[in-house]
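Work out the full structure: start from the sequences and follow the hints.
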Amino acid sequence: MKAKMNLQTGIFTGVETVRLLDKLNVAHVLFDESIQQRLEQVSKEAERVLGLIIEDLEDEQDRLLDYTQEIQLGYERQYREWLQKYIIELDQWKSIELSRLHEKLQKYEIDMKYVFQEKLELLNWEVETAKSRILREEQEKGSKETKSIISNIEEISRQNKMQNMAMEEDTDIHLKLQANTRNKVMEENLINNYPYLDIWS
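Going by the working numbering, the sequence shown wraps up at 201, each residue one higher than the last.
Do not take every clue at face value.
[Claimed, not checked] For each label pair, taking beta carbons as the anchor points, the in silico distance ranges come out as:
{"#": "1", "residue 1": "Arg-77", "residue 2": "Leu-101", "range": "31 to 37 Å"}
{"#": "2", "residue 1": "Lys-94", "residue 2": "Leu-65", "range": "39 to 45 Å"}
{"#": "3", "residue 1": "Asp-56", "residue 2": "Asp-22", "range": "45 to 51 Å"}
{"#": "4", "residue 1": "Leu-21", "residue 2": "Gln-61", "range": "43 to 49 Å"}
{"#": "5", "residue 1": "Asp-56", "residue 2": "Glu-97", "range": "53 to 59 Å"}
Hints listed in this document are in silico derivations from the structure and should not be mistaken for laboratory results. As the structure is a prediction and not an experimental result, all values here were calculated from the model. Yeah, the Cβ is synthetic: ideal placement off N, Cα and C, and Gly gets one too.
Okay, here's the thing in structure tokens:
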């Protein structure tokens, strides 16, 4: 009886063991399936969340791009406005500087004309002075030459006059001699021909 009970107990234990082992196997399978399902759920959720994150990132990128474009457009508008203002200021500056340059050029031109006029007047004065000096020197030279020529002429005239006077004196002497000789001859003739000696005395 006791042996039978032990046998039954052993059989029961074996069956229970098998059942427990089967249950354990089923639990393992269920555990694996649960893990697989949950992992798949996690993966799917992760994919979904990742999709949302990507969408948000793309939306943020789009918003950032729109913001950047808007800022750039604002910069471009401001740049054009400032550039236009700067161009206007540059034009005004250019106009002012050109006006100043024109005034300077006019002043320089006036100064140049004044200096040129002074140089021209100085040149004219030097030319006139040189002409006057040359004329005076030539006049003095001519005067000296004229005086020399006149002096030479006067000397020649004086010499000619002296020669003429000498010739005249010689002629007078010769004439006087001739006259005296003739007178003597006449006197002799008168003395010889006329009795009235007291008339010729």
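Hints versus structure:
Between Arg-77 and Leu-101, the C-beta spacing of about 35 Å keeps the proposed range 31 to 37 Å intact. Judged by the Cβ atoms, the range 39 to 45 Å given for Lys-94 and Leu-65 holds: they are separated by roughly 41 Å. Take Asp-56 and Asp-22: their Cβ atoms lie about 50 Å apart, and the range 45 to 51 Å holds. A C-beta distance of roughly 58 Å is found between Leu-21 and Gln-61, which places it outside the suggested range of 43 to 49 Å.
At roughly 58 Å, the beta carbons of Asp-56 and Glu-97 sit within the given window of 53 to 59 Å.
Hint check: a violation occurs at hint 4 only; the rest are consistent with the structure.
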